[in-house]
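Given next are the chains, with one letter for each unit.
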Amino acid sequence: MASVPSLVSLCLLVLSHACSAQLEQVTSQHGWTRAAALRHTIEERGLLLPAYTNAPKLVYVDQGQGYHGAAIPGCAETFQSQEESQQQQDPRQGFRDQHQKIRKVREGDVIALPAGVADWFYNDAQTPLVLVQIMDTSNPANQLDNNFRKFFLAGNPQQQIQGQRGQFSGQGFQRGESHSGGQEQRSGNIFQGFDEQFLAEAFNVDTDLARRMKNENDNRGVIVRVEDRLQFLTPEFSEEERSEYQRGRPANGVEETFCSARLKQNINDPSRADVYNPRAGRITSVNSHNLPILRSLRLSAQKGHLYQNAIMAPHWNMNAHSICYFTRGTGRVQIVDENGRSVFDGEVREGQILTAPHNFAVVKRAGGEGLEWVAFKTNDQAKISQLAGRVSSMRAFPEEVIANSFQVSREEARRLKFNRDEVTLFSPGSRSQYRA
Amino acid sequence: MASVPSLVSLCLLVLSHACSAQLEQVTSQHGWTRAAALRHTIEERGLLLPAYTNAPKLVYVDQGQGYHGAAIPGCAETFQSQEESQQQQDPRQGFRDQHQKIRKVREGDVIALPAGVADWFYNDAQTPLVLVQIMDTSNPANQLDNNFRKFFLAGNPQQQIQGQRGQFSGQGFQRGESHSGGQEQRSGNIFQGFDEQFLAEAFNVDTDLARRMKNENDNRGVIVRVEDRLQFLTPEFSEEERSEYQRGRPANGVEETFCSARLKQNINDPSRADVYNPRAGRITSVNSHNLPILRSLRLSAQKGHLYQNAIMAPHWNMNAHSICYFTRGTGRVQIVDENGRSVFDGEVREGQILTAPHNFAVVKRAGGEGLEWVAFKTNDQAKISQLAGRVSSMRAFPEEVIANSFQVSREEARRLKFNRDEVTLFSPGSRSQYRA
Amino acid sequence: MASVPSLVSLCLLVLSHACSAQLEQVTSQHGWTRAAALRHTIEERGLLLPAYTNAPKLVYVDQGQGYHGAAIPGCAETFQSQEESQQQQDPRQGFRDQHQKIRKVREGDVIALPAGVADWFYNDAQTPLVLVQIMDTSNPANQLDNNFRKFFLAGNPQQQIQGQRGQFSGQGFQRGESHSGGQEQRSGNIFQGFDEQFLAEAFNVDTDLARRMKNENDNRGVIVRVEDRLQFLTPEFSEEERSEYQRGRPANGVEETFCSARLKQNINDPSRADVYNPRAGRITSVNSHNLPILRSLRLSAQKGHLYQNAIMAPHWNMNAHSICYFTRGTGRVQIVDENGRSVFDGEVREGQILTAPHNFAVVKRAGGEGLEWVAFKTNDQAKISQLAGRVSSMRAFPEEVIANSFQVSREEARRLKFNRDEVTLFSPGSRSQYRA
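Protein chains in written order, with full-length UniProt numbering: chain A, 1 to 436; chain B, 1 to 436; chain C, 1 to 436.
Worth flagging that the hints you see were computed from the coordinates, not collected in a lab. Predicted model, so just to flag it, every value in this text is computed and none were measured. The beta carbon of each residue, even a glycine, is placed where N, CA and C say it ideally should be. Check before you lean on any hint, since a few could be wrong.
To be verified - Residues from chain C that keep clear of chain B, each with C-beta distances beyond 10 angstroms, as calculated:
| id | residue |
| --- | --- |
| 1 | E107 |
| 2 | S138 |
| 3 | R149 |
| 4 | V408 |
To be verified - The list that follows gives simulated cross-link-like pairs (lysine to aspartate or glutamate, EDC-like), each with its CA atoms no further than 20 angstroms apart:
| id | chain 1 | residue 1 | chain 2 | residue 2 |
| --- | --- | --- | --- | --- |
| 5 | C | K104 | C | D145 |
| 6 | C | K383 | A | E77 |
| 7 | B | K104 | B | E44 |
| 8 | B | K104 | B | D269 |
| 9 | A | K383 | B | D269 |
| 10 | B | K383 | C | E412 |
| 11 | A | K104 | A | D269 |
| 12 | A | K104 | A | E43 |
| 13 | A | K383 | A | E411 |
Build out the structure end to end from the sequences listed, making use of the hints.
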């Protein structure tokens, strides 16, 4: 049986806001959820260097907008430039570049990426691009151990990674110290491990350029500033196409192939809500039904908006862990284990992350400003079982079973079963109404 | 390589008969099979409290009959009462209850339940309802560690759980002591971990009722006695429907949805036997072919009846562990590891449980009263490979391969291959017939 | 984070050539790849005794030819002899044997076998039959722990298994010592663990023959010499059928059932190459697309031929470990971890085995005689992501991303992207050509 401390240390990991425009990393490695969380704040003209990881990932765009590129083996370079001769740095007139598809991303997008696929992000806007990434190292796609591994294709991440780790202890927070224990050994990009003669031969370039691929004296970190604004090819949308795009559907009815598979879905748009209660809030999910690539990733995500003082139904996650990153507001969360013991009971606020382990009972209540979150779930069709409300276990049981189980009267059993008629999101204050 | 003791301790776990009408628990946790076994004896008007577990489970109804209810999220309350006004406890005349489907269960039924689904049992008959449950915590559906966890929705299991654990040591049995080490920390139902104000708000009830949901002073244990006989809605069967029901088929040809998925199958009925030898016994299986929900549970079960002195063919389990609970009679079992060493060789009897690990070689022989068992298998299409008889490996090999492998003559190889012409279940005494 | 030594010790395991006609065993058991490698050299009239293992396996026929028989439960004995009366050892005239399908195997064949299926090999030719087998104990089909277990159905393997284990340490090789630590406890075939009375009854034979099945005084080892050449039934091929056979296709278009499922595919035939560069070499894959049984085994294999001084593109394995056995020639291999550190950099030669862990970056270059290998992959659709050449990540990225990531000019970025136009296999010397 897991000891309480091991649970608690998983339950709350604080993501620091301190170091802007740089990497912030939190790795949650304990007995159950084996997931790593990273938040990057990319300033204007910042490029998050190409890298791949040993686990499938979901990226949530918490703020801003930018571009995302992924290198998917076997897929063609379908974006071809016609004239880049205006580019100052281009010595050859009329040279045409070609590369794989690039995706515009914006606040509220969830981006899904299989393990082992290299990708990069670029912020072309003036406001910061803030990304929250979850890598599920316990996923069967990871054949290494449960340690999170990031393989950089360029740059020299060595000096930049400073783990910010926070732990919840007792009833208070301990702000994470910057510690470099496990990170110290990290050095450079993967080309640093190859012989430069080998590299020169493989790339068919001179040894000097091969050596420079290693970026051994690069101090720029994992997010580098691009001097001249990057210019990519991106298609122009018609109005109609843009509205299709915003609904997350391909503009035509053509069946997607692996190479054209949709990798993202916006979950901020209120019109896409799966659960909506004008007095309590809304919930929007992205899962393998509406983003099919999630089937192979075995991950899904949920965006929750809880209005002022509203409650999310007490429930348990039936088939997943739920790794919850709070994006706005404040609230209070309680988590209960199989012994009926509270393993987390505390305030949560914007910028924090909290894991509700598989099967543990959870309740959330928004504070005075409401509460918003994105929950990453380790199942592509994550399900919850609610304890109260119209679609709850209580409704499924006969009244007499409830009365005898709790040793309450038939009339009280009926109240437990029927007094709350809302689904998933409960409005505040209705209790006083009932008690009258 | 596993040491012999670790194997042996898994091989035999004695389920006590001592404490009737209460919970008996055996947890088998070792390097391989991660499964928990529970036996409940529910007396007349006993209600096994609603709870869910972190692993899919199979329940075998060893004796008696009763009702089973499961709360499956997303499924409607399809059972609706019309008049319960005769109920004394009902203060409101004409109030109609509604709840999810309730299933009548009887001796020989196997009930399958996905992880995280809450369920309850009730005994409406005068004879005890005895249930044997296996929870497979090594199943991929369990995202926690391999510890078995049971989350009670009501009651106060604290005082009642007394683990009965037996171990096989050396060549003799050690009857399990009641020990409370790992169980001591267990306390109450999951509502105990929530703040009662939160509960009151979530259920929209007063704080007093919310507090009473915690059942903190409840001494009734996990099986509670219902004062007035529970009255559920259950459909009346026509004779034809009943016979369909007994064959485990839906009465009409309508495709099952998830909510109407069949959760049970009777495996005691001789007419359903998959293997039948009038001189040796019969075997009946429930797997994903005849109970499709088992596909997602990755579990199956086998009921075996071995007549007096008959033998089950020496075999190995190709793709599963086989957790065998002996329901009637006595017999002798031998289990052999990859080194040709005997890891179990002993008598077995009614009420005991024995695991044959994946790939280990096994042989069973009934005693003078025959031997019956239910074997729970950790694969929804569990297969065995037999060493003797008509469908054995010996038959698959050419005679010359057998002769040279064992260094026996062609004629002896032929005897090893052809002397036993029965399948799976071998009649006793035919050897002497041959030797003549 | 794994320490370097643990990786290195997995990276190179030397398979001895020393003991001909006998078993050589290397087991690679570390944190990640849980696979066992065995090489058997079977001399003329040698029979590798029937056995099954707790993991699915791939067998590569490195030299020679012979027969393979597998005992698949539930499949019929479809090979029936008509007259074996010429056999001297056959005391009964006209007796007909029948057994399951036997497969002729030859150099370059990959044979796939599910976990728990017993099989045997026989060499009917005058040249040695050399087999290299990989058993993936981390496969979900193995429900025991990650130890490799082989269950012999006959013989007495005790005296013969002498583990030859080599480790790579620092920058040099340490030739494996013969050590018997973990092997010492291994004793005999699985019948040794059964009571001989039980066996006699089960097989319906006399106790003396049952006792002899245990082969307790058998000193022949796991490969036994057959005195009189084994004579199996094998179908005669027409020329057309033979050519179909050699293309690995069934002679008719009939859908395969489980029992007739193809278990092998030749990957030496140059006409089947998936990648071919007349100046660099060729690669041939067998995966679940061309050998469907691999889908359930979750394994695949790749045969590589690299010509003199040619290079295999630097790459990483996206979704598999790659366990590489070098069959001919010499070469140099470099493997790099997520920190950009070299974890292997050394010469490889015929008879050695080297594992490239999931996601680690790899480059191979052939020596003056070329380099050939068979790579076993722990995914039935293993994919690599290449770092250089026409289908590489470099091509997928926009030039500007490359230029800014590596801090090189646009023109240099273009060279990294376009200078190598070959796919997967790169010809030597083209670099000097470019540098002019």
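Do the hints match the structure? See the list:
no.: 1; hint: E107; in the structure: holds, 23 angstroms
no.: 2; hint: S138; in the structure: holds, 14 angstroms
no.: 3; hint: R149; in the structure: violated, 4 angstroms
no.: 4; hint: V408; in the structure: holds, 45 angstroms
no.: 5; hint: C/K104 / C/D145; in the structure: violated, 33 angstroms
no.: 6; hint: C/K383 / A/E77; in the structure: holds, 18 angstroms
no.: 7; hint: B/K104 / B/E44; in the structure: holds, 15 angstroms
no.: 8; hint: B/K104 / B/D269; in the structure: holds, 16 angstroms
no.: 9; hint: A/K383 / B/D269; in the structure: violated, 36 angstroms
no.: 10; hint: B/K383 / C/E412; in the structure: violated, 60 angstroms
no.: 11; hint: A/K104 / A/D269; in the structure: holds, 16 angstroms
no.: 12; hint: A/K104 / A/E43; in the structure: holds, 16 angstroms
no.: 13; hint: A/K383 / A/E411; in the structure: violated, 31 angstroms
Hints 3, 5, 9, 10 and 13 from the earlier list are contradicted by this structure; the remaining hints agree with it.
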